[in-house]
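Take a look at the letters that make up each chain.
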Amino acid sequence: MQTSERRFFCWNMNDKIQNTKNEAVGSIMRAESAGELEDLRVSYLGRNGRISLLIAELKDMAPSERAQAGQVLNDAKQTIEKTIAEKKRSLKSETKSKFDPTIPGTEKEIGHLHVVTQAINVIANVFEKIGFVRVRYPEVEWDWYAFTALNFDKWHPARDDWETFFIDTKPSSKYGPMLLTPHTSSGQVREMQRTKLPIRLLNIAKCYRRQSDVSHVPMFHQFEGLVVDERINIVHLKGTLDYFAKQFFGPERKTRLRPYNFPFTEPSFEVDITCGICNGEGCKVCKEGWLELGGAGMVHPNVLKYGGVDSKKYSGFAFGWGVERTYMMKSGLSVPDIRILYSPDIRFLKQF
Amino acid sequence: MDILIPDNWLREYLNTTATCKEISKYLSLCGPSVEKIIGKGSNAVYSIEVTTNRVDMMSIYGIAREASTIIPEFGKKAKLTPPKIKKINNKTKLKIIIKNDATLCKRILAVKIENVKVNKSPNKIAERLKSVGQRSLNNLIDITNYMMWETGHPIHVFDYDKIIKLGGKIIVREAKKGERLTTLDGKTYKMHGGEVVFGNGKGVIIDLPGIMGTKNTVVDSKTQNILLWIESVDPVRVRKASMSHSIRSQAAILNEKGVDPELGLLTVLLSAQMYLDLAGGEIASELVDIYPSLPKTKKIKTTHEFIESRLGVPINKKRVKNILDNLGIQSIWRGNTLVSKIPSFRANDMDIQEDILEEVARIYGYHNLPSQIMPGVLPEPLSESPFAFENKLKETIKNMNGIEIYTYSMVPERFADKNALRISNPLGKEGEYMRTNLTHSLINAVVQNKQESNPYHIFEVANVYLPRKNELPQEKMMLAGIFCKIGYTNAKGVIEKLLKQINSQVNEYIEDDPVFKKGTCIKFLKGKLDVGKIGILRKTDNIYYEFDVEKLKSVSNLNKKFKPIPTHPPQIEDLTLIIPQDVLVGDVMDVLGMDKNVVEVKLVDRYKKDNSYTFRLWYQAEHKTLTDREVETIRNKTLHTLRMKLGIESK
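So the sequence lines, in the order shown, correspond to chains F and C.
So in the working numbering the end of the first sequence lands on 352, straight run, no missing numbers.
So in the working numbering the end of the second sequence lands on 1651, straight run, no missing numbers.
Treat the hints with care, as some may be off.
To be verified - Under 7 Å between C-beta atoms, here's a sample of chain C residues computed to sit facing chain F:
| no. | residue |
| --- | --- |
| 1 | I1125 |
| 2 | S1244 |
| 3 | E1358 |
| 4 | Y1364 |
| 5 | N1368 |
| 6 | E1404 |
What the hints assert, rightly or not - Simulated pairs of lysine-lysine, DSSO-like, Cα-Cα distance not exceeding 30 Å:
| no. | chain 1 | residue 1 | chain 2 | residue 2 |
| --- | --- | --- | --- | --- |
| 7 | C | K1176 | C | K1187 |
| 8 | F | K154 | C | K1190 |
| 9 | F | K254 | F | K170 |
| 10 | C | K1321 | F | K108 |
| 11 | F | K330 | C | K1392 |
| 12 | C | K1317 | C | K1492 |
| 13 | C | K1124 | C | K1091 |
| 14 | C | K1299 | C | K1321 |
| 15 | F | K312 | C | K1298 |
| 16 | C | K1317 | F | K313 |
| 17 | C | K1476 | F | K196 |
| 18 | C | K1240 | F | K16 |
| 19 | C | K1202 | C | K1124 |
| 20 | F | K196 | C | K1551 |
| 21 | C | K1469 | F | K287 |
| 22 | C | K1169 | C | K1202 |
| 23 | C | K1177 | C | K1240 |
| 24 | F | K16 | F | K129 |
Hints are computed from structural coordinates only; laboratory data are not their basis.
Yeah, the Cβ is synthetic: ideal placement off N, Cα and C, and Gly gets one too.
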């Protein structure tokens, strides 16, 4: 070793004494038996103990420094002796009983992330692995984005004030009334306006619908997927949904598409997954072996048009499902009333 | 829309070897969803969900037509049995004068049948009506329900003589505001104005067409002559009237979706025959057919390339044509372009080439398509994504025993700021406003956990909605939480650790805030930027905190920097000070940590009785161990400053 390096790595006497003292005190405090204490005493204060060796080094020091080092060393020795004595006393006063391993451990507290947060994280993770970009679009939205741009006709029931929450404020001349979005699909045209193609959107956000009963809660979460590119077709929709189902629910689960109808897709589908309880055989919980996941479809050309995308050159697919519903199907977690998911009761929150 | 379809009734129009289970499976895969099969054998009834765009399937005949196309795709035989229609040749003019308004009603069909006998319906009819959820009343009314189920077009029957007594006229018009009518079930309604009604020309309403008949013209046990009647009222007006008066009859549910007017002719002819068979009677007039404008035949063009590229698999032109022809969509190939004629019963549903694609694809079978994730270039990620930071906050708090909660964005008036956005149609007063802070929701959550005797810490990360003029509100993400039955230093310790974990460059300042008890609030600021606050709530002893997540992110850094591990041990010493009441501990600690060689200051003990506080100081220089003399110098300087600036003496 070069001299400069040695200086860097070699502690001076004060340092050595401090470290030794700190180490000794720590070990003594952790000792669990008198025997252990005795071993420690020997290893630090015995004839060949660490302190004794340091004392021996004193004579190699310059006289000017020897006195001070000696004082510090003496202090350290006394501290160690004192600590050993105290620990010995405290060990003695502990009741000596037979060690019983069946005694229950002390209860430890842990924190909890909400089940909806956990669900969102899992879902986001699955789609991000195949290049989806996660975003979060407005919950308070314009009628234009929530309905008009999604090709809903003026009289569609979802636009009634029986089904959708409206905000008591002056409507926009361009975008219509302000409302609480009933579906994350309102992010589709926003995404098409925000970025150039290709699009692989994952919009996860709060949605609101005017319904409250055992299977509906007025505020809930949806996750929306939108893929727009050249030559996107139904095989790709199937592929993406199958991929999600296998990643999220398990490799043995299968999906199927059934014809359906939505204003913003053509063709439209409903997506089912094989029941996890009966494996597709049919049972009390499912419909002939299938459970409904949600809707999907090929993006309607009018929607692409509203988003400024040339529907002759590009095509896309979209799907939008409930986070709570989808997660509950995964875990077989059945709650008698879905509104319990938004309960503030700690006895519920601590279960996850 | 849901419909019950009895299997034996279906098989009068659908000739097939497929079993009930097979029919159910094939339909669900390629057409309407069969939710379940009720009963079995000859009594089996399909419960089918029909989407709102396919009102043509809301009938026995409609389902039979679909099934006859779908079932052969699975290798089983199926043929559609056409209905047996008998033409009406009577030429006698109808004495009732009908005046139509073509803007309100697209078609009217009417014929008089005289000398009918009111009776109970035969068992077969009554049984079938029962199995589809309709009550059997008498033969005259039952036939209208039966036919509606069989063909999908609602049909009505008037007591002919009652109409004559009321003036002998049927005038199609809009109701005036305030006009009254009494439906056949005895309920009276006041019109809003604009509902399509039939008037007698003398101010009396004699029918609410498409929705429900009225008491003054309904058939009863004394009826001798009937007027068989079909009309096609504008679907939008039907829906409006039906919803606003809450009369959701089966007729209304069908009519508001736009039933094919062409179906009317088939239905009136089949119905007339049924009346002759079941109620005696003879045809006593011509068949009146007021059909102001025949619908134009719609044509849709598409290409072979389009169909194959959207389907994702090759499909030959012959197959495409076969599928469409079987569905009643007559199609011809001209080179690689396909021209399809849309039948009247699909006119409302099909407009663009994607609709043609859907017909081809669903009959081809989605289950027959392969499954592949799309290849291609991946999109650009977001330049500023908030999610990793939000998750870091949640995880860190969770690791310190925080329990995450989700509360509703909608709150009652007493929780909302003066200018908060109001919902004009809330579900109740408890959810009338969009919240502008998380404070009340969390306080409320604590109230709802009254039964909890142990300490706990709940937190939430959620948007609050701050109104903006002529714009959507700002959706500001907030982190907030409440410590319940947890001491102030413990609570603050969690928050300080959180800020340390995300390397927040914020400082603590004392500043009052209306939410907290006076003198208990600490604000976290970086320069002038107000990032968050913590304090003791007014009415309870619970500790509340909140942060503006975006601002917090802007002053934090998730990327950790490596700090070289010190090569020399520190000098650690304890200092006990008496701190008078009017001096802040925070200020003392600032002084203690002033020297650059004091790398850490911690409060390790506190004896309230005499205001003595024990601090532990870590003295460390970068490349050497400080000597006792050097430490003493620093200590003396510190004590001097404490004495001069804050008037503090050491113990």
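Given pair status - K170 (chain F), K254 (chain F), alpha carbons within 30 Å: 48 Å, violated
Satisfaction of hint between K1187 (chain C) and K1176 (chain C), Cα-Cα up to 30 Å: Distance ~19 Å between K1176 (chain C) and K1187 (chain C) Cα, so the pair holds.
Hint status (Cβ of S1244 (chain C) to nearest Cβ of chain F, threshold 7 Å): 11 Å, violated
Straight-line alpha-carbon gap K1321 (chain C) to K108 (chain F), limit 30 Å: 70 Å, violated
Status of the hint placing I1125 (chain C) at chain F (closest C-beta pair under 7 Å): 31 Å, violated
Restraint satisfaction for E1358 (chain C) [CB to CB of chain F, less than 7 Å]: 4 Å, holds
Satisfaction of hint between K1240 (chain C) and K1177 (chain C), Cα-Cα up to 30 Å: 14 Å, holds
Hint status (Cβ of E1404 (chain C) to nearest Cβ of chain F, threshold 7 Å): 4 Å, holds
30 Å limit on alpha-carbon distance, applied to hinted pair K1202 (chain C) and K1124 (chain C): With a Cα-Cα distance of about 42 Å, the restraint between K1202 (chain C) and K1124 (chain C) is violated, given a limit of 30 Å.
Distance restraint between K16 (chain F) and K129 (chain F), which requires alpha-carbon spacing of 30 Å or less: Status violated; Cα separation ~53 Å.
Chain F contact restraint on Y1364 (chain C) - CB to CB distance below 7 Å: Where the cut-off is 7 Å and the nearest Cβ of chain F is about 10 Å from Y1364 (chain C), the hint is violated.
Holds or violated: K1476 (chain C) to K196 (chain F), with C-alpha atoms at most 30 Å apart: 27 Å, holds
Figure legend: structure checked against the earlier numbered hints; hints not met, in rising order: 1, 2, 4, 5, 9, 10, 12, 13, 18, 19, 21, 24.
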